[in-house]
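*Asks:* Keeping the supplied structure of chain E fixed, place chains P, F and B upon it in accordance with the hints.
Chains as they are written, first to last, in this note's numbering: chain E, 26 to 161; chain P, 26 to 161; chain F, -15 to 60; chain B, -15 to 60.
Don't read these hints as lab results, they were simulated from the structure. Take the hints with a grain of salt, since some may be wrong.
[As the list claims (entries may be wrong)] Per the computed footprint, the stretches of chain E lying under chain P, defined by three or more beta-carbons under 8 Å from a beta-carbon of chain P, are:
(1) 35 to 45
(2) 85 to 94
(3) 114 to 124
(4) 130 to 141
[As the list claims (entries may be wrong)] Below, simulated BS3-like cross-link-like pairs (lysine-lysine); rule was C-alpha separation at most 30 Å, straight line:
(5) E/K91 to F/K25
(6) E/K139 to F/K25
(7) P/K139 to B/K(-14)
(8) E/K139 to E/K85
(9) P/K139 to E/K65
(10) P/K91 to P/K139
(11) E/K139 to E/K98
Note that the structure is a prediction, hence the values are computed from the model and not measured. The C-beta atom is built at its ideal place from N, Cα and C for all residues, glycine as well.
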Amino acid sequence: MIRITEEPLNTQAIVDSVISPNGGAVNVFIGTVRNSTKGKEVVRLEFEAYEPMATKELTKIAEDAKQRWPILKVAVHHRVGVLDISEIPVVIAVSTPHRAAGFEACQYIIDTLKQTVPIWKKEIFEDGEVWVAAHP
Amino acid sequence: MIRITEEPLNTQAIVDSVISPNGGAVNVFIGTVRNSTKGKEVVRLEFEAYEPMATKELTKIAEDAKQRWPILKVAVHHRVGVLDISEIPVVIAVSTPHRAAGFEACQYIIDTLKQTVPIWKKEIFEDGEVWVAAHP
Amino acid sequence: MKVKLFGITREIVGGPILEVDGIGTVGELKAFMMSTYPRIKKLNSLMVAVNSEYAKEDLALHENDEIALIPPVSGG
Amino acid sequence: MKVKLFGITREIVGGPILEVDGIGTVGELKAFMMSTYPRIKKLNSLMVAVNSEYAKEDLALHENDEIALIPPVSGG
Chain E
26 MIRITEEPLN
36 TQAIVDSVIS
46 PNGGAVNVFI
56 GTVRNSTKGK
66 EVVRLEFEAY
76 EPMATKELTK
86 IAEDAKQRWP
96 ILKVAVHHRV
106 GVLDISEIPV
116 VIAVSTPHRA
126 AGFEACQYII
136 DTLKQTVPIW
146 KKEIFEDGEV
156 WVAAHP
Chain P
26 MIRITEEPLN
36 TQAIVDSVIS
46 PNGGAVNVFI
56 GTVRNSTKGK
66 EVVRLEFEAY
76 EPMATKELTK
86 IAEDAKQRWP
96 ILKVAVHHRV
106 GVLDISEIPV
116 VIAVSTPHRA
126 AGFEACQYII
136 DTLKQTVPIW
146 KKEIFEDGEV
156 WVAAHP
Chain F
-15 MKVKLFGITR
-5 EIVGGPILEV
5 DGIGTVGELK
15 AFMMSTYPRI
25 KKLNSLMVAV
35 NSEYAKEDLA
45 LHENDEIALI
55 PPVSGG
Chain B
-15 MKVKLFGITR
-5 EIVGGPILEV
5 DGIGTVGELK
15 AFMMSTYPRI
25 KKLNSLMVAV
35 NSEYAKEDLA
45 LHENDEIALI
55 PPVSGG
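Just chain E, same shape as in the assembly (with noise of 0.2 Å):
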């Protein structure tokens, strides 16, 4: 199941999701929010998205994926705005009957999104702030 929410993720929840009898596995990536990025500390982070589109392609990740594993069942949950260090922006769950493959589709799953899916994050600093990876 693919969702943006502004609610904070419920890692049991979506684990629970995509537990299969005919599962073996589940892998999991959860993403949190750092206390610093190249050195500097961060205060917060900020996410928005484009939610129609962010879905679409979210969808297109999961079933692209499905397509290269054999998965049984995937779950992929982002929230947007403010976040604290230490809170959870993304979580990924990938149940497969054999684990190799729930490493290898969880992991393509968040490559994928950090490069395709429209959605930004916003790094908070003491002294000022930055839209990440929006400048050389």
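*Replies:* Below, chains P, F and B without anything else, positioned relative to chain E:
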């Protein structure tokens, strides 16, 4: 934190235990009991461990992983006893500053666990049972 | 036609929607945005989405299309 | 000395602890187990742990060592 237990594993608590303000990523591997093996229906699994040695071997694996990757925190919890289909024998969670190391470390830990940690699994079928990996 | 703006392009333009006229293609929209807002030229990349899909430069724009500027993404 | 048994070796021997005598090394223990319980010979592998560490064949065994037979593991 390393733990062998008869209690059901609490994925949320295990994930929470590795989240760090210095981390940007958590990778989680969750083993689940599959309803079939080699095309044959599985009724349940039974796990037993040589407990102090299993804890010692798991601790070694976690320490090895910390030498090889920039791990912030790691947790490995393994359940023993009787497990029904879709129940969870193992949860591994690894937090890292960046995601690539987390995927690699988590996969290393589960791969090595399956090779060296003195835990045994018996598959129970309708018409018999088998100790996994015991025979060629 | 209306152009939806997000992230740094929303901040550069100063609002979430820009009304533009007399623009025929995706390429023309990008050229117009870059010449009108020179800070947009300095971005790592600039894409345009039409009806929630990434669009090529030569795609023709129509009045009832949903058009969005996509500055470099950084989700996850 | 006492030998702890787990998994399939526990089932083959018929209990969690076996009392053995007159065995000097890990290799001798393995040979004794295989000759006394031929089904153990058919396993994929057989290791011995001494004081919670995998032990080599030539390691000498002492009365107060904690000794365990380790049939092929299958955790996870």
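*Asks:* Are the hints correct? Go through all of them and say.
*Replies:* So, going through the hints one by one against the coordinates:
no. : hint               : result
1   : 35 to 45           : holds (count 5)
2   : 85 to 94           : violated (count 0)
3   : 114 to 124         : holds (count 3)
4   : 130 to 141         : holds (count 3)
5   : E/K91 to F/K25     : 37 Å, violated
6   : E/K139 to F/K25    : 22 Å, holds
7   : P/K139 to B/K(-14) : 27 Å, holds
8   : E/K139 to E/K85    : 14 Å, holds
9   : P/K139 to E/K65    : 40 Å, violated
10  : P/K91 to P/K139    : 18 Å, holds
11  : E/K139 to E/K98    : 21 Å, holds
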